[in-house]
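The residues making up each chain are set out below.
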Amino acid sequence: MSRGAISTEKLTKFYGDVRGIHDLDLEVRPGEIFGLLGPNGAGKTTTIRLLLDYIRPTSGRATVLGMDARRAGVEIRRHVGYLAGDFAAYDNLTGAEFFEFLARLRSNVDRAYLNQLCEQISFDRSRKIGTLSKGNKQKAGLLQALMHRPRLLILDEPTFGLDPLVQDQVHNLLRAAASDGVTVFLSSHILSEVEALCERVGIVRHGLLVATETVQSLKARAVRRLTITFSEVVPETVFASLPGIQNVEVSDGRVRCQVTGSLDAVVKTAARYRVQDIVTEEPKLEDVFLGYYSDDDAVAREVKNAG
Amino acid sequence: MLGNTFLKTLRDQRISGSIWLAGMLAITAYVVFLFPVIAEQAEALNELIENLPEALLALAGGVIDYSTLNGFLAAEFFSVFCPIIFLVYAVIHGSGTIAGEEERGTLALLLANPVSRTKVILHKAAALVVALMAGSLTLWLGLIAWAGIAGIEIGAWKLAQGCASIGLLGIFFALLSLAGGAATGRRGISSGIALGAGVATYLVNAFAPLVSWLEPGRLATPFYYYGGGDPVLNGLNMLHAGVLVGASIVLLAYSVWAFERRDLTR
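Each protein sequence line maps, in turn, to chains A and B. If you use the numbering used here, the first sequence corresponds to residues 199 to 505, in order. If you use the numbering used here, the second sequence corresponds to residues 3 to 268, in order.
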């Protein structure tokens, strides 16, 4: 028996010939916020659905809270809160009726805590769920995942499509839960979300776990696109030799470049000239994978040959 | 009505179910109040029927006496009409309750709770059975009540057995479409299979007395065991009722088995 909150051993799921996830070895430690990061179709939802016993592995196994996902599903779900990526609720029930129904099903709901949470994120329970906005519906989903004080939260793209304000509320709730000792396992295809919330990150692509990293080392690897506009002419060579810098283009006092890791050296060098503007783009998920491409492709070839 | 999955499933049917039951009361009124007009011409009708070609007689449900209300109900109402209203309701809700929830995405929500798939499907099956039994009871109460109001003599006990038989037929088809939904998660597939099976087996049973090579096939149709108008006239054949109950239990067991072992589609 594993002591991890989630632990998988060569967990594999094929849909016919299509790979959902292949040979996944994952270890989520109790109490941490772990992010599963990857583009759409990478296998994140497949992994989550395997953990919840919605779908059954082609091979390999998973344990959740020390119990076998396949055999102890009911007991596991007593202690797990789950929010689906395409969260669907009973549209004809009011929020209050919805929570009441789930509370009867679970019989381990902390109603005082639910009231407190509803207040905290100002959720109106008197309205029918079908009439709620996307953001409020997602709040209902999060509340049902939290209301029984689970030991483990499993969240599939918890803030996807939400406006920044609600996103912040969701992040705060998750941080609060984590500080109470709840393990949080979430999937996301947004790098900044994972960076803002998680301590460790698993990176999946094409059904393979490419790497497991701390957020710090992920940040160190992240490639940022940077554009600096100067109000004087800057010599081309000054930037080209800086550590971590690539693809430097200089034209008309404007420098475009890609920087891996810290921006410190670039900013300090730029500061020697008269700077008019600095624009950095949010690092793209694809750029995060740049550093992993080589070994990933090797694994992909290996799988192809094996299959 | 939100205490558990069983009650929630009944609650989900409260609007369509109420309309269904109200419609049944209206139709039973129509049929009962129509009867005196038919009874006046019963002698002529009976004579006509005895002289019908065999094929038409088979489709009409065989020789039946139009001079009593039970006879009239057996000939018209229980042979053709009741199977349709029970079959349609059974298939809509039988396929909707698992496959419908799965397609809407709420089945995953339900199963995120500490309940087993077996428990969910048993609760849902129980709700279907209760709804169809309510239908069969309403049918009986409606007929008795209208006959009382109209002052027409009615064989209440035989009629109860006929209503029980149509209830069993409805439950069989509800569990057939439940099984399709449990195995595939697709509402279209499960209702298509159940409706197709309903129409096909109805036709086989109706024509079997005329076509020698169809005759053995009758035994494989639920309509044969339902008995058409027969239970209303002669009482329930316990062996036949037992076959319907047994087949329903087999379908339920298959549903549990198939639902437990497959991947959810959504």
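If you are wondering where the hints come from, they were derived from the structure by calculation, not from laboratory data. Where a beta carbon is used, it is the ideal one built from N, C-alpha and C, also for glycine. Warning: the hint list may mix true and false statements.
To be verified - Result set (SDA-like, lysine to any residue): computed pairs, CA atoms no more than 20 Å apart in a straight line:
{"#": "1", "chain 1": "A", "residue 1": "Lys326", "chain 2": "B", "residue 2": "Gln15"}
{"#": "2", "chain 1": "A", "residue 1": "Lys335", "chain 2": "B", "residue 2": "Leu112"}
{"#": "3", "chain 1": "B", "residue 1": "Lys121", "chain 2": "A", "residue 2": "Lys335"}
{"#": "4", "chain 1": "B", "residue 1": "Lys121", "chain 2": "A", "residue 2": "Arg276"}
Stated by the list, open to error - Non-contacting residues of chain B with respect to chain A, defined by C-beta distances greater than 12 Å in every case (computed):
{"#": "5", "residue": "Thr7"}
{"#": "6", "residue": "Glu52"}
{"#": "7", "residue": "Gly107"}
{"#": "8", "residue": "Ala110"}
{"#": "9", "residue": "Pro116"}
{"#": "10", "residue": "Val131"}
{"#": "11", "residue": "Gly198"}
{"#": "12", "residue": "Ala202"}
{"#": "13", "residue": "Trp259"}
{"#": "14", "residue": "Leu266"}
So, going through the hints one by one against the coordinates:
1. A distance of roughly 18 Å separates the Cα atoms of A:Lys326 and B:Gln15; the hinted pair therefore holds under the 20 Å criterion.
2. Annotation: proposed proximity of A:Lys335 to B:Leu112 holds, straight-line Cα distance about 16 Å (limit 20 Å).
3. Of the pairs offered as hints, the one joining B:Lys121 and A:Lys335 is violated, with about 27 Å between alpha carbons and a cut-off of 20 Å exceeded.
4. A hinted pair counts as satisfied when its Cα atoms are at most 20 Å apart, and B:Lys121 with A:Arg276 qualifies at roughly 15 Å.
5. Non-interface status of B:Thr7 relative to chain A is broken: a Cβ of that chain comes within 12 Å, the nearest being about 7 Å off.
6. The beta carbon of B:Glu52 sits about 54 Å from the closest Cβ of chain A, which is more than 12 Å, so the claim that it is off the interface holds.
7. A Cβ of chain A approaches the Cβ of B:Gly107 within 12 Å, the least distance being about 3 Å, so the stated non-interface status is violated.
8. Separation of B:Ala110 from chain A is inadequate, the least Cβ-Cβ distance of about 6 Å not exceeding the 12 Å criterion.
9. Under the 12 Å C-beta cut-off, the non-interface status given to B:Pro116 relative to chain A is violated; the minimum distance is some 4 Å.
10. For B:Val131, the requirement that its beta carbon stay farther than 12 Å from each beta carbon of chain A is met, with the minimum near 21 Å.
11. At roughly 27 Å, the least C-beta separation between B:Gly198 and chain A is larger than 12 Å, which holds for a residue marked as non-interface.
12. Listed as a non-interface residue, B:Ala202 keeps its Cβ farther than 12 Å from every Cβ of chain A; the least gap is roughly 31 Å.
13. At roughly 14 Å from the closest C-beta of chain A, the C-beta of B:Trp259 stays outside 12 Å, upholding its exclusion from the interface.
14. Its closest Cβ contact with chain A, about 4 Å, brings B:Leu266 to no more than 12 Å, contrary to its assignment away from the interface.
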